[in-house]
Amino acid sequence: MTPTLPRAGGAHLLVVRNLWVHKGGSPWTMALFSVFEPVLYLLAIGVGIGGLVGQVPGVEVPYAAYIAPALLATAVMNSALEETGQSAYAKLAFDRFYHSLIVTPMTVGGVVAGEVLWGMLRGLITGAGFLVVIAAFGLVQSPWILLAVPAGLLIGFAFGAASLAATGYMRGWHDFQYVQLVMLPMFLFATTFYPVTVYPPVIRVLVETLPLYHAIELVRGLALGRLAPGLLLNAAYLIVFGALFLVWARRRWAWLLAS
Amino acid sequence: MFRALHYWLYRYRRTWRGTIVISVANPLLFLLAIGAGLGALVRGSVDGVSYLEFFAPGLLAAAAFQNAFVDGGFAVTSASRRERIYPTAAATPLEPGEIFGGHLLFITLRLALSAAAFVLVMALFGLVSGPGVAVAVVGAATLTGLALAAPLAAWAVTVRDIPQLNTVFRFGMMPLYLFSGTFFSVAQLPGPIRAVVQVMPLWHGVDLCRTLALGTAALGPSLLHLGYLAGLVVAGVLAGRVTFRRCLHT
Amino acid sequence: MVVLNAVIEAAGLEKTYPARDRGGTPFRAVAGIGLRVERGEAFGFLGPNGAGKSSTMRMLGGVSAPTAGTLRILGLDPAAHGRRVRARLGVVPQDDSLDVHLTVRENLLVYGRYFGLSRKAVRERAGELLEFARLTEKADERVEHLSGGMRRRLTIARALINDPEILLLDEPTTGLDPQARHVLWDRLFRLKQDGVTLILTTHYMDEAEQLCDRLVIMDKGLIADEGSPRELIERHITREVLELRFPPGEHEQVAVKLGRDGLPEPERLEVLPDRLLWYAEDGETALARATAAGVQPITALVRRATLEDVFLRLTGRSLTD
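So the sequences go chain by chain: A, B and C.
Going by my numbering, the first residue of the first sequence is number 1, and it counts up by one from there.
Going by my numbering, the first residue of the second sequence is number 1, and it counts up by one from there.
Going by my numbering, the first residue of the third sequence is number 1, and it counts up by one from there.
One or more hints might be untrue.
Below 25 Å or equal to it, Euclidean Cα-Cα: the simulated SDA-like pairs (lysine to any residue) are [said to hold, decoys possible]: (1) Lys23(A) with Thr167(B); (2) Lys192(C) with Asn5(C); (3) Lys23(A) with Thr136(C).
FYI, nobody ran anything at the bench for these hints, they're computed from the structure.
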């Protein structure tokens, strides 16, 4: 008997397996879970502080409508991070799940691609869920916002790949605090709550190198219907960023799983 | 009790770098991004002061509350289940009550240290008017944290695993953190929601810290806040003595 | 004429792990071994922890590239054809590493898909294997609720999902209670009868004697000797062993008194920290001679020699060290 080897290193089979694990829950409960926190931020900061904020330079829409796309991008990012971060780490270090995969015809490349794909899928669900919330709050400014959901795939790709690479370096749970230390300032400063123009030029350049900045720019541009060639640049940034980290993750995980 | 405290101090010597990230860096970043950054965009004043002046003491209380959840929730469940620190200690002559007390002392110390670090930064922003105020505010923040940590620890020791706490954190703590008058005045909230928020311990902590820091504290409300928070600590300690015994000596 | 058909051929096989820290020394887990396993054989690696057994198994499994030497698995070079090799192997790792989020049956179904098997083929095969592993009644339970023995049987069933030509088992019964071990041995016997090549590591003598047609004794990354269990015992030691126990510290003294250096071949005395071993063709006669020499042990026991004794002879160390 010569079975045909699974294509693409079996990446899709890992996605199928992850779906299988979640088959009890509906995608909407999943989305509800991931959307809860950004909704709170939308309320507290968008509506609460938004009431205190006057005309923000460069923002012509209601303040809540301005930060909603940023929160969507962040929520998508966090969903991908959850799957490729702590969840993947648990499977690696405690369940030794990946070790049981590489003795099969699955390849390390397939495993890495599969987990990133899964993170993207999770992000997609979260993005769709948050879009419903934005609509329910009456914060939709342009029909182009529908494209924010597929744009979320790029966000999931970029952050999923980077996070999976980082997970390959974790020595224990406490190391995830350092991930927090990177993610939180990025969340707070990557133009989530105010435009990049409020920063002095030096910091502005710094902010513009952040991947979340490009994720937010992309989603916000679509959500507010401000289509510009710059959006393609944002998308390209995310693709290149994700591709580089995907290669890195593959190398790191090949080493991890072979030793 | 001090022997149990000794354990946590010893352990802390190795892990403080990681924990400092959450307990100090986290609120400082919020202070910078929201208080100073977003606050700069706020028109006029909030309750008669600048947004940063308004926000900082509220955030201090909220951060203490959040730290209390990490230390009194996650750390306690982990010590009782995954790491099995409590069961190991319970096999020695240490009494469950002492194990609980020792850990709570350690949490108090950590809360006070984090609050002190935060107040130091507030002082650098020119938000603290004198050493007396600083001490009072650190004390108030520590008490706020303890009002959560004590009852939470009493419950957390009975919890089976971390995910249960994650759920409570996400659906319980986050709303409190964001809506207890931390980021904006509760006066902005619709009546029924405001009533609910004002029953919650965090609002009392926020109001206590804020009025102390701004020098607007009045005796009546302050005593009410203090009494309420202290009452929670006492209730938590009493409950914890029972639950720790029940969980560790079975 | 007997047609030999090697499924595994290795020569000069080495595995060196790079240093974990800067300035550390690389660790040579396997220091150059050669072996040949025939189709249908049950082949064992026997040795203490750290002997290099697991590293060897990982190389044979096609997941860890040898640092030096040549290796052919089913006639293929695993470095170049890893996936094709792995598609024809079954691997039972030491720590089970079952998918704890799935049920017993789902573990088999999902795992089969990793081999590129069709859904239908996997479903049929899973049914047979559940039967084989005596887990049919547990099919829809979550893996976390299984006992250690059941988990191990499921791991074996999982490894068989692709109908492998070679089954690699790393310490298959470590950590199991005696009854669970016997159930497992029975299943492995059946596989052997069905013509599956079994390759296993163990540090249990009884397991090696029960299951292996042929085995190698490994120590410090090298093969100390090779043969069938009986051959090894006959080659290195006597048929019986007399175990004598004395108060702590007296063993050396007693050994001298018993004339350690003047014993007739192939008899031998071995001093262990807690007892004295007298290798003799007839244990009872040896005991009589000891008594005649005026030696009064706390306990005396005559038993058959085992692979444990062979190992002690070959390496000067006890297996459980």
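Hints numbered earlier in the text: which of these fail when held up against the supplied structure? none
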